[in-house]
Amino acid sequence: MESKKTILITGAASGIGRKISEILSKEYCLILSDRDESKLKETLELCSNKENHITLIINLQELESIKPKIESFLSKNEISINGFVHSAGMMKIMKMKTVGIKDVQQIFSVNLFSAIEIISTLLKKKINDSNLENIVFISAILGNFGATAHNLYSSTKAGIDGLMRSLALELAPKTRVNSVLPGGVKTPMSELAFSDPEILAKAQKEYPLGIGDPIDIAKAVEFLLSDNARWVTGQQFIVDGGRSINLSQK
Amino acid sequence: MEQFLEKLAEILEVDSVKREDILTEFDEWDSLTLLSIIAAIDSDFNLNISAEQISSFTTVGDLLKYIDSNKN
Ligand SMILES: NC(=O)c1ccc[n+]([C@@H]2O[C@H](COP(=O)([O-])OP(=O)(O)OC[C@H]3O[C@@H](n4cnc5c(N)ncnc54)[C@H](OP(=O)(O)O)[C@@H]3O)[C@@H](O)[C@H]2O)c1
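These protein sequence lines are chains A and B, in that order.
Just so we're aligned, residue 1 is where the first sequence starts under our numbering, counting upward by one.
Just so we're aligned, residue 1001 is where the second sequence starts under our numbering, counting upward by one.
In short, the hints are calculated from the structure, not lab data.
One or more of the hints may lead you astray.
As the list claims (entries may be wrong) - EDC-like mimics (lysine to aspartate or glutamate), calculated; alpha carbons at most 20 angstroms apart, straight line:
hint, chain 1, residue 1, chain 2, residue 2
1, B, Lys1007, B, Asp1027
2, A, Lys202, B, Glu1052
3, A, Lys97, B, Glu1052
4, A, Lys4, A, Asp129
5, A, Lys186, A, Glu62
6, A, Lys97, B, Asp1044
7, A, Lys186, B, Glu1052
As the list claims (entries may be wrong) - Which stretches of chain B does chain A cover? Using the computed rule of at least three CB atoms under 8 angstroms from a CB of chain A, they are:
hint, region
8, 1035 to 1046
9, 1050 to 1057
Claimed, not checked - Computed, partial: chain A to chain B, Cβ under 10 angstroms:
hint, residue
10, Met91
11, Met94
12, Lys102
13, Gln106
Computed from a predicted structure; not experimentally measured.
Using N, Cα and C, we set each Cβ at its ideal position, and we do this for glycine too.
Sequences are here, hints too, so could you generate the full structure?
This is the structure in structure tokens:
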């Protein structure tokens, strides 16, 4: 892995994370992480410069395994990580009265706590040699607004953006930290919703630029990781086809 | 499965559910309840099931049979 920078991408096996991997593979060495090995291999096949990238299987619900896994992975491969993109995520739509502690633990672990654990690990000099320069979270416009039965999901996204701002201050000037906030993007996560013709028709009306494609999010991530964004930190970069400013009645 | 039946009863706000109960006949049956059941199945069995699939089942038993033969 010569002099190119190394980026760790979680959620790389699917949807937005897969497209981010594809786009970044031209410029960076990638550590593609997710929990399903065969889907990660499919992502690797879509990447340019395949020999520059490696895969790292972690189940982000197993919070205690994260630090030891990353630590041994970095030492075994003799590399360090310059950038971290957290795209792994899960969605749970459920009435508040049916929420149980297991649901809370699962979704918070994947969407928020695992990112905290990864960053805390990557900031340790002994593990990552003080090389972390850039962090991008894939948040969601739902963290800033609300939607019926999205109680847990919205909380995790609001949480990660709170983390993002505080870290931007704590880690400046060495490390920039930003979030990309997608609106509805066609991926396996949103498939369930968009397969309902009623929801799809409503979305097509509410999104001035139509529903998004994973590449729209990947391009925003590419910008935030690049030197073109060298004076940008602590920001929510909303990429939602105009959905969140749309108060039109018709 | 017994535990899941209890959870289902909780979501549907009834004391207990039986395999022969008709899903759409529960007072609480609506689109949000359906989504809550999807989330519960994902939590307990790591199984993604669509709203469409659930709508194709008539009884609680049909749902359980599907979970049983597809869970990881
Ligand atoms: N799609 C949208 O409309 C949209 C809108 C706003 C924000 N977002 C955000 O964008 C990010 C990417 O979403 P997406 O649409 O690309 O969804 P996706 O296709 O479902 O991808 C998410 C990835 O995260 C992985 N993941 C889930 N739980 C994990 C765990 N315990 N350990 C390791 N990996 C795990 C998933 O693996 P499995 O498939 O094995 O579960 C999947 O590969 C998420 O943070 C999401 O909240 C998406």
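List of violated hint numbers, smallest to largest: 3, 5
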